[in-house]
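Enquirer: Following the hints, complete the assembly by docking chain B onto the known chain A.
In case you want the letters, here they are:
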Amino acid sequence: MATPVYETHEHDVIVIGAGGAGLRAAIEAAAQGVSVGLVCKSLLGKAHTVMAEGGIAAALGNVWAEDNWQVHFRDTMRGGKMLNNWRMAQLHAQEAPERVLELERWGALFDRTKDGLILQRDFGGHRYARLAHVGDRTGLEMIRTLQYHGIHQGIDVYMECKIERLLKDGDRVVGAFGYWRPSGKFVLFKAKAVVLATGGIGKAWKFTSNSWEYTGDGHAMALWAGADLIDMEFIQFHPTGMVWPPSVRGILVTEGVRGDGGTLKNNTGERFMFNYIPEFFKGETADNEAEADRWYEDKKNNRRTPDLLPRDEVARAINAEVKAGRGSPHGGVFLDIHTRRSADYIRKRLPSMYHQFKELADVDITKEAMEVGPTCHYVMGGVRVDADTTRSTVPGVFAAGEVAGGMHGSNRLGGNSLSDLLVFGRRAGLHAALYAKDFGGQLTVNAAELEQVSREMLAPFARTSGENPYAIQADLQETMQSLVGIIRKESELRQALDHIQVLKDRARKARVEGGREYNPGWHAALDLDALLTVAECSALAALERKESRGGHTREDCPYTDDQWGKVNVVIRVRNGALQLAREPLPAMPEELKQIFQERK
Amino acid sequence: MPTFTMKVFRGGPGAGDFREYRVESDEGMVVLDVIHRIQATQANDLACRWNCKAGKCGSCSAEIDGKPRLMCMTRMNLFEPGAVITVAPIRTFPLVKDLVTDVSYNYEKAKQIPPLRLKPPDPDGKYRMWQEDIDRIQEFHKCIECFLCQDVCHVIRDHPLKPAFAGPRFFIKIAGLDMHPLDRVDRTEFVREQAGIGLCNITKCCTEVCPEHIHITDNGIIPMKERAADNMDPVVWLLRKFRGQRRPA
Chain A
1 MATPVYETHE HDVIVIGAGG AGLRAAIEAA AQGVSVGLVC KSLLGKAHTV
51 MAEGGIAAAL GNVWAEDNWQ VHFRDTMRGG KMLNNWRMAQ LHAQEAPERV
101 LELERWGALF DRTKDGLILQ RDFGGHRYAR LAHVGDRTGL EMIRTLQYHG
151 IHQGIDVYME CKIERLLKDG DRVVGAFGYW RPSGKFVLFK AKAVVLATGG
201 IGKAWKFTSN SWEYTGDGHA MALWAGADLI DMEFIQFHPT GMVWPPSVRG
251 ILVTEGVRGD GGTLKNNTGE RFMFNYIPEF FKGETADNEA EADRWYEDKK
301 NNRRTPDLLP RDEVARAINA EVKAGRGSPH GGVFLDIHTR RSADYIRKRL
351 PSMYHQFKEL ADVDITKEAM EVGPTCHYVM GGVRVDADTT RSTVPGVFAA
401 GEVAGGMHGS NRLGGNSLSD LLVFGRRAGL HAALYAKDFG GQLTVNAAEL
451 EQVSREMLAP FARTSGENPY AIQADLQETM QSLVGIIRKE SELRQALDHI
501 QVLKDRARKA RVEGGREYNP GWHAALDLDA LLTVAECSAL AALERKESRG
551 GHTREDCPYT DDQWGKVNVV IRVRNGALQL AREPLPAMPE ELKQIFQERK
Chain B
1 MPTFTMKVFR GGPGAGDFRE YRVESDEGMV VLDVIHRIQA TQANDLACRW
51 NCKAGKCGSC SAEIDGKPRL MCMTRMNLFE PGAVITVAPI RTFPLVKDLV
101 TDVSYNYEKA KQIPPLRLKP PDPDGKYRMW QEDIDRIQEF HKCIECFLCQ
151 DVCHVIRDHP LKPAFAGPRF FIKIAGLDMH PLDRVDRTEF VREQAGIGLC
201 NITKCCTEVC PEHIHITDNG IIPMKERAAD NMDPVVWLLR KFRGQRRPA
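Protein chains in written order, with our numbering: chain A, 1 to 600; chain B, 1 to 249.
If we strip away everything but chain A, and leave its shape as in the complex, we get (with noise of 0.2 Å):
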């Protein structure tokens, strides 16, 4: 093959992915006099983010004055069943109120309190009402706000470019490879350094709230340049999907429903979420309806309702119950907000949510309840970073946002991935800018590597026999669903993993029709690369952590080992085999251990 041709662009610093953290981390950059490259695989503004409907956590202390960042790091922490990176865990607590705020000086309109300031709502796991929020629309804001503000601050975007390798030079990052999706042509960026900010790895399941954008292309990417992976096995399964009609199921029905009075019932018109409230949450938790049902009007004197249990909680309840027989008809439970709120309440605080089940499901959620069931929804594993640069073990190379391991620990709260986003992506892009300003000599890029990437890529068109690539990701998808789902065990995920090697063994003979002009075939046949590979790093992990926590459910080891709650499975590439290692979680000083002695 002759040298491939491609155009260069050259930045000192490029930020991968648009959503919040890329947003975020791009502004950061800019401002501190850098040269900045957004690349989005989509149009600006449509990210994944969009999408985040309850709220931002961030301990504003606007409705709750006893709110502050202790609180919110303790409720954080006992969210991921302690196995979260205390130091982010910190950060993130302290900084989300100034993020928060940050975003009402760029434009953010939040909802009000009766006293002007930012209103703030309950959510799952939450000691206080604490989401900033926008009626159930708050990721729309978000992006919004970050996107008209970003537009000014001299960030060229590159819109509708997918990167495909992160270049190195020696050990550390020197630029990206990719290609534009409405021409199909390639591209090379030139960078000091590069953040990921990629989002997700949900596309890998087939009942998810994730978009086409969710293949893990940053996981993929950063492990492939010799990152670590850490905690790749916890997948957040959120409780309420949509699941009926069959086209819908795994769409996102938000938090905010059981945050502003929904209740989950069971097919007998149980509230059996009473019947799951787990030893660690017992001390805060109501167990009887009377006093779930006071605590709505009074939160002093009452416990919340185990309906708000964190997510992995609850998830795992709806699934017990469906397994039990006591599921709605189309396997998911009921979830019933009309009962407690009034037709214009839940129009004005749930807008987007009355839209979408009259719309997509014939359902009106003023009038009857909705039916979900959970739905892969979020990974807490990612690139194992530093808690206060968020740079990763591979010297240029920054992570945050979802992409980035360690936050959120076995299970993240809702409201903590908006908060998340703004405190990392702001780090990111400022250690980012901080260490292109320091880096010495020049960028070079081994132009036979980028021969070797051009050529991989361009094969699936040379092929004359082969595989559809849709069907190959669709086989994932079932794979995963079924053997590496909410509830696992040793044999399934063995056979997970021998079918995944199928499957790469089929992806490396994928084939595709027509040019390289907007070709969502090809695009689908490069995405299986990072989908295989985040896929298979997450059914390791499952396999390695002999217990259950969290976003991992073992029937074979059905308790939480304090053993496995010392250390992280850490997953990286060595002699191009992937390797797996136990390894501690970074200590916790005693001042902050103090926090959870003195609550108990």
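Simulated from the structure, these hints should not be mistaken for lab results. Check before you lean on any hint, since a few could be wrong.
[As the list claims (entries may be wrong)] Here are the simulated DSSO-like pairs of lysine-lysine, each with C-alpha atoms no more than 27 Å apart in a straight line:
no.: 1; chain 1: A; residue 1: Lys114; chain 2: B; residue 2: Lys142
no.: 2; chain 1: A; residue 1: Lys358; chain 2: B; residue 2: Lys67
no.: 3; chain 1: A; residue 1: Lys358; chain 2: B; residue 2: Lys142
no.: 4; chain 1: B; residue 1: Lys204; chain 2: A; residue 2: Lys348
no.: 5; chain 1: A; residue 1: Lys299; chain 2: A; residue 2: Lys348
no.: 6; chain 1: B; residue 1: Lys119; chain 2: A; residue 2: Lys114
no.: 7; chain 1: B; residue 1: Lys109; chain 2: A; residue 2: Lys162
no.: 8; chain 1: B; residue 1: Lys119; chain 2: B; residue 2: Lys109
no.: 9; chain 1: B; residue 1: Lys225; chain 2: B; residue 2: Lys119
no.: 10; chain 1: A; residue 1: Lys566; chain 2: A; residue 2: Lys282
no.: 11; chain 1: A; residue 1: Lys367; chain 2: B; residue 2: Lys142
Expert: Okay, now just chain B, sitting in the frame of chain A:
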């Protein structure tokens, strides 16, 4: 399950035509599901944009039987079983391929709008705003940038002055900034000269196609036209800016 004949536009700039695909539709399916089924089984290279599949991202705009709509929010049970359904790219913007168009005009317009500049905070360092003052702006902020309003706007479609015209999406963006209780920028001249508010003759086509049901014309464009006229008078402008932030009685 009912079977439909989907007539989908295939092709790029300069060359293209409608191709027919016979597809089964399952219960609850939307047009986007059917397009995905064609993609997965009959035409892997059929180009369309999509992300959320729930009416929140505004990526999958198309003209379905001639009507500008989101493919993800158009249920197949709107059509009689066996019907022939036409799916074409939105017409106003240059074609890239199949159902994908080049919407960069909108991103360029977005950049030209003078951004928010805040008043100083209250003495305690906080900003206060009253829900009553932001209800209207929150309505504009529901915009998912599907650009269907831009697609049906006759000025953007046909008018030679299109380069000096922002279009309905950006009128409500500007209106949201102008009505922001803490903003202190005068965009009067911008609205007249660069956004071309005078070219809009209030046919309300934009409001009709808005999937978020934003009252683009009544709540955004008409008050803006009035302000553009009023604000010729600097005293009126100043008064309006001072009255912007008020505590409800």
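Enquirer: Now, for every hint given, state plainly whether the structure supports it.
Expert: Going down the list of hints, with the structure as the test:
1. A:Lys114 with B:Lys142: Distance of about 22 Å is within 27 Å: holds.
2. A:Lys358 with B:Lys67: Holds, at about 21 Å.
3. A:Lys358 with B:Lys142: holds (18 Å)
4. B:Lys204 with A:Lys348: Given that 27 Å is the threshold and the Cα spacing comes to 25 Å, the pair holds.
5. A:Lys299 with A:Lys348: holds (23 Å)
6. B:Lys119 with A:Lys114: holds (21 Å)
7. B:Lys109 with A:Lys162: holds (25 Å)
8. B:Lys119 with B:Lys109: holds (25 Å)
9. B:Lys225 with B:Lys119: holds (25 Å)
10. A:Lys566 with A:Lys282: holds (23 Å)
11. A:Lys367 with B:Lys142: holds (24 Å)
Consistency note: the structure conflicts with none of the earlier hints.
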